[in-house]
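Trainee: Residues per chain are reported as follows:
Number of protein chains: 4
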Amino acid sequence: MGGNSFGTLFRVMTFGESHGPALGCVIDGCPAGLLLETEDIAAELRRRRPLGGEGASTARNEEDEPEILSGIFEGRSLGTPIAIIIRNRDQRSGDYDELREVYRPGHADWTWEAKFGRRDHRGGGRSSGRETAGRVAAGAVAKVFLKASNTGIRSWVSSIAGIDIPGPEKPGFDIEETEKNPFRVARSDYVKEVREKIESLRASGDSAGGIVTVSVTGLPPGLGEPVFDKVSARLAQAALSLGGCKGVEFGSGFAAASLTGSQNNDTIRARPLDAEAGFKNSLEQKTTFSAFDTNNAGGSLGGISTGEEILFRAAFKPVASIGKIRKTVDTSGRPRELSVKGRHDICIAPRAAAVLEAMTALVLADLILLRRADRV
Amino acid sequence: MGGNSFGTLFRVMTFGESHGPALGCVIDGCPAGLLLETEDIAAELRRRRPLGGEGASTARNEEDEPEILSGIFEGRSLGTPIAIIIRNRDQRSGDYDELREVYRPGHADWTWEAKFGRRDHRGGGRSSGRETAGRVAAGAVAKVFLKASNTGIRSWVSSIAGIDIPGPEKPGFDIEETEKNPFRVARSDYVKEVREKIESLRASGDSAGGIVTVSVTGLPPGLGEPVFDKVSARLAQAALSLGGCKGVEFGSGFAAASLTGSQNNDTIRARPLDAEAGFKNSLEQKTTFSAFDTNNAGGSLGGISTGEEILFRAAFKPVASIGKIRKTVDTSGRPRELSVKGRHDICIAPRAAAVLEAMTALVLADLILLRRADRV
Amino acid sequence: MGGNSFGTLFRVMTFGESHGPALGCVIDGCPAGLLLETEDIAAELRRRRPLGGEGASTARNEEDEPEILSGIFEGRSLGTPIAIIIRNRDQRSGDYDELREVYRPGHADWTWEAKFGRRDHRGGGRSSGRETAGRVAAGAVAKVFLKASNTGIRSWVSSIAGIDIPGPEKPGFDIEETEKNPFRVARSDYVKEVREKIESLRASGDSAGGIVTVSVTGLPPGLGEPVFDKVSARLAQAALSLGGCKGVEFGSGFAAASLTGSQNNDTIRARPLDAEAGFKNSLEQKTTFSAFDTNNAGGSLGGISTGEEILFRAAFKPVASIGKIRKTVDTSGRPRELSVKGRHDICIAPRAAAVLEAMTALVLADLILLRRADRV
Amino acid sequence: MGGNSFGTLFRVMTFGESHGPALGCVIDGCPAGLLLETEDIAAELRRRRPLGGEGASTARNEEDEPEILSGIFEGRSLGTPIAIIIRNRDQRSGDYDELREVYRPGHADWTWEAKFGRRDHRGGGRSSGRETAGRVAAGAVAKVFLKASNTGIRSWVSSIAGIDIPGPEKPGFDIEETEKNPFRVARSDYVKEVREKIESLRASGDSAGGIVTVSVTGLPPGLGEPVFDKVSARLAQAALSLGGCKGVEFGSGFAAASLTGSQNNDTIRARPLDAEAGFKNSLEQKTTFSAFDTNNAGGSLGGISTGEEILFRAAFKPVASIGKIRKTVDTSGRPRELSVKGRHDICIAPRAAAVLEAMTALVLADLILLRRADRV
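Residue numbers (our numbering), protein chains in the order written: chain A, 1 to 376; chain B, 1 to 376; chain C, 1 to 376; chain D, 1 to 376.
There may be inaccurate statements among the hints.
What the hints assert, rightly or not - Only pairs whose alpha carbons sit at most 25 Å apart, straight line, appear in this in silico SDA-like list of lysine to any residue:
#1 Lys-327/B with Gly-117/A
#2 Lys-180/B with Val-191/B
#3 Lys-324/C with Asp-95/C
#4 Lys-341/C with Arg-118/C
#5 Lys-147/B with Val-376/D
#6 Lys-324/C with Asp-293/D
#7 Lys-147/D with Gly-117/A
#8 Lys-341/D with Gln-263/C
#9 Lys-147/C with Val-191/C
#10 Lys-327/C with Lys-341/C
#11 Lys-341/B with Leu-259/A
To be verified - Okay, the calculated bits of chain D under chain A, using three or more residues with CB under 8 Å as the criterion:
#12 21-31
#13 80-88
As the list claims (entries may be wrong) - Pairwise CB distance ranges (calculated):
#14 Leu-35/B with Glu-74/C: 41 to 47 Å
#15 Thr-38/B with Arg-46/C: 31 to 37 Å
#16 Ala-255/D with Gly-205/C: 19 to 25 Å
Keep in mind the hints are simulated off the structure, nothing from the lab. All C-beta atoms in this analysis are idealised placements derived from N, C-alpha and C, irrespective of residue type, glycine included.
Using the sequences and the accompanying hints, generate a full structural model.
Mentor: Shown next as structure tokens:
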């Protein structure tokens, strides 16, 4: 198993190189009876694309048109594998000729070559961010499945290029704003500052890192499997499986390391399945009934979902492909200087948000199905 | 699969409740020919125990004696499953009678009950930290396997109770010191301050969080599987599978989100497999030959090991069982106040270090075996 | 994964060598809430033992006492791993000293050595039939789970030492008889002939093959997964995983190869889930309501259970350990002559019946849980 | 996991309905560096097609053109997933309108509907034999991998429509003949008799069963994993995963049940890895050096390959779609009479041979890779 498979029951295999004929996925284990249209997938693929406008963080013009090859009949899933492909277009493989013999710093060029003894140098082959199209397609199906059980996944960029953007705990946060600006920040009053910073980095041939926050609401308690497949553990694997992700934290996260028990642990005020217990939702900006007084846990205890909002943050390193000249070596070991040309994002976080949502959906769809086997 | 299985080729299943007859593990896939003694396992189990002395962060006196039931013949592994059990002793189940009908805040009591419809209330059952004995036993075998290929795993507490302890980049760091003080800090000059802080928290009936840093040296390039099973992704799952772990970061980690590409990405100065290229090791405090000029990546690019040191940090929340009175509910939903008695750690980080090492060993042993299938 | 793991949701790992400290299993994925006693497991282990009496097909006196180490609390399964061990006793390892340097014909001695570079020569190590104790223990738990859903598994020896014994289609068949004679034949009028044949073989230092028939009744339609995990495919793997099993057939089996479509396919007379449709049961000797007119399919179509009786036959080769002198080589490649001494079965089929039932239970418990993920 | 995934390291997911847009497969785990062309796959897909000529056992004219979407770069495998699709053409879905509301006897129509609550009635959807195109494509890649290690897989129809055709043990057997006649029999002198029998069945609106024999030569000793993943167990699962397969036997198979130990077990005359030991090959009609005197075991002992020829037989039931009128029910439970029209095989065995070879290749490629993890 070469690492391109994910999940136990809602199981996905993805495939495709950046400049090969196509990318895609196969889902083995999507339950039968799900209403699914090609547009459900296309819509998520668009969310993964750079948002338009002069401040867009990348310049490649990808038109991703998914085609469903199997598993859907008369608008519903059959219970058989759902295969989805996306043809690669707008390829300028010639842009990459120089990279056949040079390793880009910060990229997987040489680690993959060390592993496999060869690599597709065009756009990084399968180590390209373009690989994520297959996951987003699969995640789109998982999202439809989750929506049917009232579980919603949203995300926003909470830090970009060193600018921290306050979350829903402060007024002015509007999750819908993330679909309107190219940086996926949820505060319109921050867009100008972020744009200027990104443009400044672009002008200097440099790039930026960022942090994405993911929120899952409406998830029932009891999801996650003891010990190794805790909901947080599975989500952590999912997050770190994104190229450029260097860290993840849940709830109070790294800050919890400096807190005391009496500050951090969440007191309980209702049984989790009580009729009167509702779920606090940071996105809706209202505290309805909740089983816990606070949510420092970030939605899971002992790896099992509490029913509260699942909240985690993933950190992304700055894009490695930059215009500035960097030292490296070629495949013969000779020192080289490299300035990466071509169409590249300045910061991956805005686009990674859609991929993180997709991965989150894949994890949760799987855990929801696994949950059905919990009791006699 | 109930979440108690881990790995693909070096595959482990662990079992056992805190107050049941025994805990343990079975390893299916340990290669034949490994020299293995019971003492290899016993030694790691001792490292998981609280270190002695008045400042020790827990008080339970566990004497874990592993017994190997299968898979070893005349001192070497047969290639068949290695089953190891550890009998539970020193159980004072009566300590937990109150918890049969009350949910402890910050614990898995009610999430597990929400999931399974029942729970073993004695010491948290399988959600207890005692569960990790099985993993440490399995990890001990993995460590022996890794040692045979010159891969070393070390760890230290880099932050505890709000006190940050400088790493190997500053003089005075001594990894061997971690085996001498009960807090697993690698600087003798910090022990007194940490001890006083921990004792102060104990006196006030409170607890502390902490951060553990893990270092892996001697790992060859090329480990990790593309996309979902990146070495960082698998290690992230491993870290978050520990009870109380709330975050993980690799290399420059969350800090990378605020850096630019030219600051963060590691320039290359040699081919990774060049004869003259050695590996920089933060523990040995010397910069030998290295293929990269820096290691902000934390040892992997595109999810595949670079051959540099793998370096990651895991954050642990404060221990949830505290003497201070906390609000909660009982199993009938009635409000209750709870002060957790019994023997508990003040901070889990020092003991988690041994478990993190074990999990790291399990991930790497698996990836080393998977690596053998990379090429025709 | 070294081949000692089985199942997806109801997942089992078994371990143990014939002359090591213990054998056993861990079940990861048994649903919570199952009523389970040690006696449930002990009873199945007794069924795996040679039946008493002078005609018993083996002479080793094994007293297998299972111990449950985890996963059960106050009489019910917790949803956590159930570990069961069986200590090895009555070992006469000295019996096997000669085999350290000789390969027994018909045994796994040299194939395992070719694979692993070493072997435990005492009683064949893990390639011994004794290995099956672990599976039978796991299967016993699966049987309890199946019984709770009214699914029954029975088996009988339908051919032994060349003597074919008619099945339930002829009068005189009594499934309870299988628990009374040492050959597990279901017809008391055949016991004498079989005993004489077995005794004659024993006297001449030879051994016999046999066929076991397995019947599963009460299984709902819809079990089995398309394509690779058909119920018949999984059962075939299960059957052939038994040492000495050389073939398996379902329903009309090999005979179907000589039939025409109009002779073989089963016409349908009711919808499978109709209220009025009952299930024909060869064991109860009555044809109640059924959805099909015949059951040449042996209980599955397209790999999915029909709701009719699942019926399959597994062929076992003669026991390889015989008193007659056989040619072989030693570990240096020198020709040797070998007459295997010690306590051995003359025919494995009677004891294999209990193991086949256990494996069948493991397959079906897994498919029943998987079935829960079929639909949205 | 919905049953459409197969293998551990050389892992395949297949997809596609008979009358959907496309069928195909993704292989996750094919080692890097394999020379692979589209023609390698196309050639195997042609072998799966009905052979031409008036006696061809089916009439559908499928032109399967595989397209490789990923995983191959400059003629060699990259180590990344290899996705292959085959567009469906020549569909006459209208032929199947009647079947929307009727269950065909002997088909999976109603079991799949019982399972999933719906089905694609056009040609049986994914339960169609057409599903095997995806496996054959994947198996073609596995075959290329095996060929690189000198392992050859051949097959022939050894019984069809009640006519038994002698194997290589009798003169006149010519394996190349199987590619020349539409029945895949290896003896030209039997073709006329078989053709007449098939034509006679076709004329009467009936169908036939058959048996396929598979031979694997050049496989090294030591393949297969202990206990559950014996090479025979995995091949048995593989064989029974074919639609219409009702039994499988290895070596002396069911006949072994009537033999004695002294008749059946294979005496040994050399160490398996001795320099002078060659491998007897029934196909080459010559007995070269061999480690065993006979091969009743069919190539494995204790589930591990001996190095001798792996030889097994798989029985196929008569094709269920026949012209003769059969009783059944419709989806409302009303009795119906059905005569299946359209293009159907009379006997599936000749085409199943290519699929069996593909499945055999998938099993062995996986076991060869798993073998690499056997020893330290």
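Trainee: Now look at each hint and say whether the structure bears it out.
Mentor: A quick look at each hint next to the structure:
1. Lys-327/B with Gly-117/A: violated (59 Å)
2. Lys-180/B with Val-191/B: holds (10 Å)
3. Lys-324/C with Asp-95/C: Holds. Lys-324/C to Asp-95/C sits at ~17 Å (cutoff 25 Å).
4. Lys-341/C with Arg-118/C: Cα-Cα ~23 Å, so holds.
5. Lys-147/B with Val-376/D: holds (11 Å)
6. Lys-324/C with Asp-293/D: Holds. Lys-324/C to Asp-293/D sits at ~17 Å (cutoff 25 Å).
7. Lys-147/D with Gly-117/A: Distance of about 21 Å is within 25 Å: holds.
8. Lys-341/D with Gln-263/C: OK: Lys-341/D and Gln-263/C at ~18 Å, within 25 Å.
9. Lys-147/C with Val-191/C: violated (30 Å)
10. Lys-327/C with Lys-341/C: The hint holds at about 15 Å.
11. Lys-341/B with Leu-259/A: Holds, at roughly 21 Å.
12. 21-31: Coverage by chain A holds here, the residue count being 8 at a Cβ distance below 8 Å.
13. 80-88: Three-residue rule met by the stretch 80-88 of chain D, so holds; n is 5.
14. Leu-35/B with Glu-74/C: 41 to 47 Å: holds (43 Å)
15. Thr-38/B with Arg-46/C: 31 to 37 Å: holds (32 Å)
16. Ala-255/D with Gly-205/C: 19 to 25 Å: Hint holds: Cβ distance 22 Å, inside 19 to 25 Å.
Hint compliance for this structure: hints 1, 9 are not met, and every other hint is.
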